[in-house]
Amino acid sequence: MREELLAIIEKNSRIDFQELAVLLGASEEEVLNELTALEKEGIICGYHTLINWEKTSIEKVTALIEVKVTPQRGQGFDKIAERLYNYPEVRAVYLISGGYDLLITLEEKSLKEIAGFVSDKLSTLESVLSTATHFVLKKYKDHGTIFNPKKEDEREVITP
Amino acid sequence: MNKYLSKKITALKPSGIRKFFDIVSEMKDAISLGVGEPDFDTPWHIRDEGIYALEKGKTFYTSNAGLKDLRIEISNYIKRTQGVGYNPDNEILVTVGGSEAIDIGLRAVINPGDEVIIPQPSYVSYEPCAVLAGAKPVIINLKAENEFRLKPDELLNAITDKTKILILPYPNNPTGAIMEEDDLRAIAEIIKEKDILVMSDEIYSALTYKEKHTSIASLDGMKERTILINGFSKAYAMTGWRLGYACGPKEIIEQMTKIHQFAIMCAPTTSQYAAVEALKHGDKDVEEMRQAYNQRRRFLLDAFRKMNLECFEPYGAFYVFPCIKEFGMTSEEFATRFLQEEKVAVVPGTAFGECGEGFLRISYAYSLESLKLAIGRLEKFVKKLRK
Chain A
1 MREELLAIIE
11 KNSRIDFQEL
21 AVLLGASEEE
31 VLNELTALEK
41 EGIICGYHTL
51 INWEKTSIEK
61 VTALIEVKVT
71 PQRGQGFDKI
81 AERLYNYPEV
91 RAVYLISGGY
101 DLLITLEEKS
111 LKEIAGFVSD
121 KLSTLESVLS
131 TATHFVLKKY
141 KDHGTIFNPK
151 KEDEREVITP
Chain B
1001 MNKYLSKKIT
1011 ALKPSGIRKF
1021 FDIVSEMKDA
1031 ISLGVGEPDF
1041 DTPWHIRDEG
1051 IYALEKGKTF
1061 YTSNAGLKDL
1071 RIEISNYIKR
1081 TQGVGYNPDN
1091 EILVTVGGSE
1101 AIDIGLRAVI
1111 NPGDEVIIPQ
1121 PSYVSYEPCA
1131 VLAGAKPVII
1141 NLKAENEFRL
1151 KPDELLNAIT
1161 DKTKILILPY
1171 PNNPTGAIME
1181 EDDLRAIAEI
1191 IKEKDILVMS
1201 DEIYSALTYK
1211 EKHTSIASLD
1221 GMKERTILIN
1231 GFSKAYAMTG
1241 WRLGYACGPK
1251 EIIEQMTKIH
1261 QFAIMCAPTT
1271 SQYAAVEALK
1281 HGDKDVEEMR
1291 QAYNQRRRFL
1301 LDAFRKMNLE
1311 CFEPYGAFYV
1321 FPCIKEFGMT
1331 SEEFATRFLQ
1341 EEKVAVVPGT
1351 AFGECGEGFL
1361 RISYAYSLES
1371 LKLAIGRLEK
1381 FVKKLRK
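Protein sequence lines, in the order shown, are assigned to chains A and B.
The first sequence begins at 1 in the numbering used here and counts up one residue at a time.
The second sequence begins at 1001 in the numbering used here and counts up one residue at a time.
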């Protein structure tokens, strides 16, 4: 049940446990217990909402920043990652294989603020060797969701 | 003009679904639960492979039987799902949808006066195809109390010395019924004993919600008596690609290929390339869609329980077949009033055979949101009728 439950709420976190029970063919109690367990185990980390900010009047600029760092003895990349992810404007931090080490998603109100973060906070860290900042121009798809209106049902209304 | 027309064709009854389609088409804002095809788009990697085939200029006929690579993949697929081995060289024919396979499969085995046994309610094309092939259709009226499974005594009663072939349509459209291995064993014994053939239409085989589907061809001594029909429409959401296949004894496949060669040449080439991709890398997509259908199925059954509408639990395809006999209306009256008063289109059970009287086919090839909306209206309608 766990895998199917996760698949459902990953797409729709607002679904209630009664409906989950129906869809999964399980009892409401089983579903509640499973949800509690998933939260306790840190498997479900939150119930966020996916917002297409471009459609609002609120200005947001997103940048992806590649960071090369020197890993620290005994702590590898974790220490430097922690210093970065504690900034609230840092939306995501990934350790990456390949040409650089960390990939950061940064969300700010303006280009200037992003520039400020990179020059003042990021580049000045001792273990940071270099950075490369890429600005997001348009989001087509995020969290598995395509950002344009769903098309109509084009099927014939009745077919055998 | 009529004097020019073929009497055999003019005598054919038009599909019962057609009549209802015309009524629905005139209702602009109706929501439909009447569709017999998946609501999902064909998975992108499969579409992409079709596009790639076009880009590469793969725009010629394939061999009559279909691309060798596709027949190999079909053979592998049936081996891994059913444990039955078909030789890609002479036991598999790629057709234009499962429907073509039904038509030419019957034509390849029927002699004038032969009888074809057709359990109903079932897909609309078996009976006309049997008639066109020159056979006499013998209908078995399946029973709701057997969950619309075919029972051995029903089959025995229908068999005469003229019986050539039984059509076995499971998982079933419109009832959603399945036949499990034990059910099939009992039927297979009779088929062997009476020395007849079986055409097993397994187009919904990937969509079962209990045990995995068992093909009658996988039972002892049945491969040589079975024309197995399947296709890509339902499992991979590829209805518009028009691609199916038939597997069977090489003597039958050879004759079917002859008809196919003269009438069709070959199935669409683009679709065949896409289908190779579907069979190689599509298992995950099928499982995801199956899971979504299963959730909707549970939702509908739960909704019927809550409104006290009688419905057996179907374990296959994407249909539920609730009983509406308590309202004292025919299926057609119910469906027509439901459409006019609540603007929801469902298909009367009678479109799939007379014994579908008293039932409705409701398709769950719709998003949960659409189903919720439609079921809300059904509940309202049912309440009104019970007053």
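Rather than coming from a laboratory, the hints here were simulated on the basis of the structure.
Careful, some of the hints might be misleading.
[Unchecked claim] The calculated label-pair distances, taken between Cβ atoms and stated as ranges, are:
#1 B:G1221 with A:G25: 44 to 50 Å
#2 A:G25 with B:K1284: 20 to 26 Å
#3 A:T105 with B:D1302: 38 to 44 Å
#4 B:K1380 with A:E152: 23 to 29 Å
#5 B:I1051 with A:V61: 58 to 64 Å
#6 B:I1051 with A:E39: 21 to 27 Å
[Unchecked claim] Mimicking DSS-like on lysine-lysine, the simulated pairs with C-alpha atoms at most 27 Å apart in a straight line are:
#7 B:K1384 with A:K151
#8 B:K1284 with A:K151
#9 A:K150 with B:K1284
#10 A:K141 with B:K1284
#11 B:K1384 with B:K1306
#12 A:K11 with B:K1284
#13 A:K150 with B:K1343
#14 B:K1250 with B:K1284
#15 A:K150 with B:K1028
Glycine residues also receive a C-beta, built at the ideal position from the N, C-alpha and C atoms.
*For the pair supplied as a hint, K11 (chain A) and K1284 (chain B), is the alpha-carbon distance within the 27 Å limit?*
Distance ~17 Å between K11 (chain A) and K1284 (chain B) Cα, so the pair holds.
*E39 (chain A) and I1051 (chain B) - C-beta distance against the hinted 21 to 27 Å*: At 43 Å between Cβs, range violated.
*Does the Cβ pair G25 (chain A), K1284 (chain B) satisfy 20 to 26 Å?*
Roughly 22 Å apart at Cβ, these two residues keep to the hinted range, so it holds.
*Within a Cα-Cα threshold of 27 Å, do K141 (chain A) and K1284 (chain B) meet the stated pairing?*
Given that 27 Å is the threshold and the Cα spacing comes to 21 Å, the pair holds.
*Pair hint outcome, K150 (chain A) versus K1028 (chain B) [Cα-Cα no greater than 27 Å]*: holds (20 Å)
*For the pair we were handed, K1384 (chain B) and K151 (chain A), check the Cα-Cα distance against 27 Å.*
violated (34 Å)
*Check the following: the C-beta atoms of I1051 (chain B) and V61 (chain A) are separated by a distance inside 58 to 64 Å.*
The hint (58 to 64 Å, Cβ to Cβ) is violated, given that I1051 (chain B) and V61 (chain A) are roughly 35 Å apart.
_Next pair to validate is K1284 (chain B) with K151 (chain A); report whether the Cα-Cα distance is within 27 Å._
Distance ~24 Å between K1284 (chain B) and K151 (chain A) Cα, so the pair holds.
_Straight-line alpha-carbon gap K1250 (chain B) to K1284 (chain B), limit 27 Å_ = violated (32 Å)
*Honestly, do G1221 (chain B) and G25 (chain A) meet the 44 to 50 Å range at C-beta?*
violated (37 Å)
*How does the Cβ-Cβ distance of K1380 (chain B) and E152 (chain A) compare with 23 to 29 Å: does it lie in that range?*
holds (25 Å)
_Against the 27 Å threshold, does the CA-CA distance of K150 (chain A) and K1284 (chain B) hold or violate the hint?_
Holds - the C-alpha atoms of K1284 (chain B) and K150 (chain A) are around 23 Å apart, at most 27 Å.
The earlier numbered hints that this structure contradicts are 1, 5, 6, 7, 14.
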